[in-house]
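Chemist: This is what each chain is made of:
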Amino acid sequence: MEQENKLPRKPIITLITDFDTQDHFVGTMKGVIYSINPDVDIVDITHKVASYDIFDAAFALAQSYRFFPSDTIHLVVVDPGVGTTRRPLLARSLAHKFVAPDNGVLSLIYEREENVEVRHITADHYFLNPVSATFQGRDIFAPVVGWLSKSVEVDKFGDPITDFIKFTSPKPKQVNESLIKGVVLKVDKFGNILTNLRPEDLPQLFAENPPPFKIIINQQEITRLNLAYSMGKPSELFAIVGSSSYLEICTNRGSAAKALNVNRGAEVGVILGSTESGSGSQDPI
Amino acid sequence: MEQENKLPRKPIITLITDFDTQDHFVGTMKGVIYSINPDVDIVDITHKVASYDIFDAAFALAQSYRFFPSDTIHLVVVDPGVGTTRRPLLARSLAHKFVAPDNGVLSLIYEREENVEVRHITADHYFLNPVSATFQGRDIFAPVVGWLSKSVEVDKFGDPITDFIKFTSPKPKQVNESLIKGVVLKVDKFGNILTNLRPEDLPQLFAENPPPFKIIINQQEITRLNLAYSMGKPSELFAIVGSSSYLEICTNRGSAAKALNVNRGAEVGVILGSTESGSGSQDPI
Amino acid sequence: MEQENKLPRKPIITLITDFDTQDHFVGTMKGVIYSINPDVDIVDITHKVASYDIFDAAFALAQSYRFFPSDTIHLVVVDPGVGTTRRPLLARSLAHKFVAPDNGVLSLIYEREENVEVRHITADHYFLNPVSATFQGRDIFAPVVGWLSKSVEVDKFGDPITDFIKFTSPKPKQVNESLIKGVVLKVDKFGNILTNLRPEDLPQLFAENPPPFKIIINQQEITRLNLAYSMGKPSELFAIVGSSSYLEICTNRGSAAKALNVNRGAEVGVILGSTESGSGSQDPI
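Chains A, B and C, in that order, are what the protein sequence lines are.
Counting along the first sequence from 1, when you hit position 9 you're at 11 in the numbering used here, and nothing is skipped either side.
Counting along the second sequence from 1, when you hit position 202 you're at 204 in the numbering used here, and nothing is skipped either side.
Counting along the third sequence from 1, when you hit position 82 you're at 84 in the numbering used here, and nothing is skipped either side.
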């Protein structure tokens, strides 16, 4: 993003958790942060990550972080291993800082950012005292981002490590010349189905004269590619390149996920050059 | 609202969307705004507008905007036409600024505020680049309110137009001397039923010696007008003048909407001068 | 919490309500506050208190307030008596201020803080004008915390009172030498069951050589005490001392409340010294 000037700006801390908002958890973490640094802006990305769902949190982070100013601190607390020896991490890329448990939730950052330096946070004088075994978002992570936002240097929190947990995000598979298989990464609030297929995985589809194609998902075929949600006819299913540059399956003003009975993890196949509606052929997926 | 002094205050941007909070959408828009203007306060009005529901968003805006300081910027992104040629608008009243798609979502502002100047936002150098076809809340609307909050003049964003889309909010109908018909505008979180009837539509009811009356809704009769929710007996249905000066149908510590099986759009009739519990008479609605 | 320096910091107002977030209510209250004092940070604790549930709100406040900086103003609007003569209160402890209706919602503060001074807010020139009978969060409470955050002295709002409403939080009962009975205070988002039993109520359990024990809840027995959620085997139910220092009943990555079909108010018994799995003995609860 553009920057107007080089004056020190108010630091921003973003939050992603699976705490939801009916309990006091998120508010209490903010209290801890403001107690350490009152001069900070705290931005909720989402607290509705599915409980314990590390990929869902990683995805929300990957979609949002780069739209924040440089030097923003991104805190992710989705932490099924809270209270065990899993390590708290501080990662730094060129423009952003990330704080999270060492459970793979920063994997998409490791994938997208170059030269990410990862540290094991061991400086427990920055933690609340005592540290509970069940709410380290309050006792460890919130105070760490509070102090970090006060410009405490990253090396004060602990030493670099290289053996942090990292998962590989699911990649599309070129099965043969005309079939590429992907997977559903997410269903959004509107019921749009985000796949892991990007235009660069399907260059023919976005060439000047695209071939006919079929997208196969849960045994149904989609053969239209639209440029905007509202271009779809009522209840028609179609594909679109969404705002994250992933191919999405959608329907105008409705839930494609419900219509197709599809959820995260479902397979998606794209067949290029064969929309002869050959319903007699066997299902390739 | 009162103002303490005339010093420039930190600008406020309010947000109304149908994005809900389980995705990264709202957080990402805030990142875009803060990247342009770190010195702003962003206030969520609601992100739980029913999907694509322009009236619901217009109503939330109409209920809230005037309680904000002057110069507040109100952004509404309920945008079923995203990615098409529907225009992004910037509207200015005497005290407030509004940014929204040209789909009627500002209609209640046009109705309530005098001398609203409406502009078609065309200055795409204020947009993110590229602009996606599916998330213009991030790519067009957030950056526009960001720059607007930095005191960029409204005429820099585009020229005034007069052919913007405007719906007329449903008005009560005087059917005859003793019957007035209205409609349900909203069911709130508590199950209170907000109608479009205001005290000025029913002056007799609020006169010193009000006549007997019946409110008919979904074939049930309500004959009590209370001054506070808690004055109702358990499970009794009654009317009240709510905080938006609309007549509401309520029940003490319960959902009137559930009890009456009523939703937005339902008809409401008020019969003045006839509570002789004449159950033999035909239903007037 | 630690304080870096003694410079005046930006005041913080926290909010707890049962308004949820689909209506404009919370946003409108923030507009009123910012109109009076633009230089304030507003932090949502939760707006998902169960409707009219005073204990639930009192509990969220008790869990969160002490993690905020001193001088924070905590506003609670769970107000089934809105529009009646129930009084608006301003309470002050050594480090915090609290504003709420006089319905007992501050009871846990009266219990935990020493020397709480409670005032009846009568200075209606600080209210919006007119005051509605249905939304005093907007018309009375928001403006009061706005002015309070501008350092208006507490005695300007009204006189001290001593006859405010106060409930006593449910205390564990020592039935006999080996049986102590408690109650479920809350089920959190993850389905963890928070009881009112604290380690100090069960010192034997936390001694060096703890005796065998059984926790009885909804006719089921729990005989394990773990140190972290993730130490539990799949679907195993166990006890843990949670982040609020209450004994919780949990299951690793699952909802103990669903597994046990238990809700707030359920009885919990702890039997010390008798885990001989004597299923022949009669149920003590």
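Read the hints as simulated data drawn from the structure, not as lab findings.
Take the hints with a grain of salt, since some may be wrong.
For chains that are exact copies, the list does not tell them apart, and a pair is met inside one copy or across any two.
Unchecked claim - Pairs of lysine-lysine residues, derived as DSS-like cross-links and limited to a Cα-Cα distance of at most 27 Å, are as follows:
{"hint": "1", "residue 1": "260", "residue 2": "191"}
{"hint": "2", "residue 1": "173", "residue 2": "191"}
{"hint": "3", "residue 1": "260", "residue 2": "235"}
{"hint": "4", "residue 1": "183", "residue 2": "260"}
{"hint": "5", "residue 1": "235", "residue 2": "168"}
{"hint": "6", "residue 1": "173", "residue 2": "183"}
Chemist: The structure should be examined with respect to each hint, and the outcome stated for every one.
Modeler: Hint-by-hint comparison with the structure:
In the homo-oligomer, the alpha carbons of residue 260 and residue 191 lie at most 27 Å apart both inside one protomer (12 Å) and across protomers (25 Å), since each shortest distance falls under that limit. For the identical chains of this complex, residue 173 and residue 191 are intra-copy neighbours only, at 24 Å inside a copy versus 33 Å across copies, given an alpha-carbon limit of 27 Å. Proximity of residue 260 and residue 235 under a CA criterion of 27 Å is satisfied intra-copy only: 17 Å inside one chain copy versus 34 Å between copies. Taking CA atoms no more than 27 Å apart as the test, residue 183 paired with residue 260 passes inside one copy only; the shortest distance there is 21 Å, against 38 Å between copies.
With identical chains, the CA atoms of residue 235 and residue 168 are at most 27 Å apart between copies only, with a shortest distance of 24 Å across copies and 42 Å within one. In this assembly of identical chains, the alpha carbons of residue 173 and residue 183 lie at most 27 Å apart only when taken from the same copy (9 Å versus 54 Å across copies).
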